[in-house]
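With these hints in hand, go ahead and build the complete structure from the sequences.
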Amino acid sequence: MFKELDPILHSQLRLAVMSLLISVKEAEFTFIREKTNSTAGNLSVQVQKLKEAGYIEVNKQFKDNYPQTTCKVTPKGIEAFENYVMALQEYLQVRKQ
Amino acid sequence: MQEAEKEFSPQESLQLITKMIENTKNSISDRSHYFLLWGWAVVIGCLTQYFLKVILNYPKHYYAWLVTPIAIALHFVLKYRDRKKDRVKTFINEANAYLWTSIGLSFFALGFVFAQIGWQYCYPFYILLYGIGTYISGRLLKFKPMIIGGLLCFVLMIVCVYQPYDVQMLITAFAVVISYIIPGYLLRNQYKKTKNYLL
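Taken in order, these protein sequences are the chains called Z and V. Take any residue in the first sequence, note its place counting from 1, add 1025, and you have its number in the working numbering. Take any residue in the second sequence, note its place counting from 1, add 3, and you have its number in the working numbering.
Note that these hints are calculated values from the structure, not bench results. Heads up, none of these hints are tricks.
Taking lysine to any residue and the SDA-like style, the derived pairs with C-alpha atoms no more than 25 Å apart in a straight line are:
id : chain 1 : residue 1 : chain 2 : residue 2
1  : V       : Lys22     : Z       : Thr1064
2  : Z       : Lys1076   : Z       : Thr1094
3  : Z       : Lys1076   : Z       : Lys1097
4  : Z       : Lys1076   : Z       : Phe1056
5  : V       : Lys28     : V       : Asp85
6  : V       : Lys88     : V       : Ser105
7  : V       : Lys28     : Z       : Glu1107
8  : V       : Lys92     : Z       : Thr1095
9  : Z       : Lys1085   : Z       : Thr1099
10 : V       : Lys28     : V       : Leu39
11 : V       : Lys145    : Z       : Glu1051
12 : V       : Lys28     : V       : Thr197
13 : V       : Lys147    : V       : Asn26
14 : Z       : Lys1050   : V       : Ala98
15 : Z       : Lys1097   : V       : Ile95
16 : V       : Lys56     : V       : Ala74
17 : V       : Lys87     : Z       : Gln1093
18 : Z       : Lys1088   : V       : Ser32
19 : Z       : Lys1088   : V       : Leu77
20 : V       : Lys92     : Z       : Ala1065
21 : Z       : Lys1050   : V       : Arg86
See the structure below:
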């Protein structure tokens, strides 16, 4: 049998956020919102779940008197993402055979 | 992407990952204005110095390089203006920033060397630094005109060594036109096109 897909990552918006963060050093919340075409409310909830899982780091600070939230993937997040992609590949290969 | 919890297939998962990575790849910030600023500053400096030295026979021809502090000031104005624009930090942008910081510091440090051994030796070294900077930047950005411009700087540097000082000024101006100015404008156009395409 193949590995079970990580439920934290196997969700459209959370996976989109992780795929985005995996290819950059860090990104602002507003940037992620635009790229994933999501609403602020929904994105906040999903970002919080990724943070609770330890997959991303969220930093809130002030930049020129405006609140700014930046997200960054953690080593644990990278590992989880890699495992998720491997599980996907395994799954797709089994399906092909 | 409203329904975050909606079930989706492994194929859709892979498609989403690929799409997001592709999408983010286009997020390399437009830095063409720095190439254009320094490109024009060097061209103005070289041609003014040539004009003062060769045509007017003015002994203090090096005054032409007063353009440098003006360019440095403009550089910091642009940097200040850009500070809010960057909402994403990519590894490529960061590598580029480190590269150009080290090139900038090299120009500064070399100033002390030429102050000791004589400024008549400066141009080939400056062309070499333009070559190193634009070649690596071109590779990082995967931007051919800049790679070619950078490589040509190495050729021009060698040519420059065998030319008299007056001609070296013109060669330096030419080196900057092909490695900074032309790629700078082409880069700017490319960003504009990508932006429109994404919209």
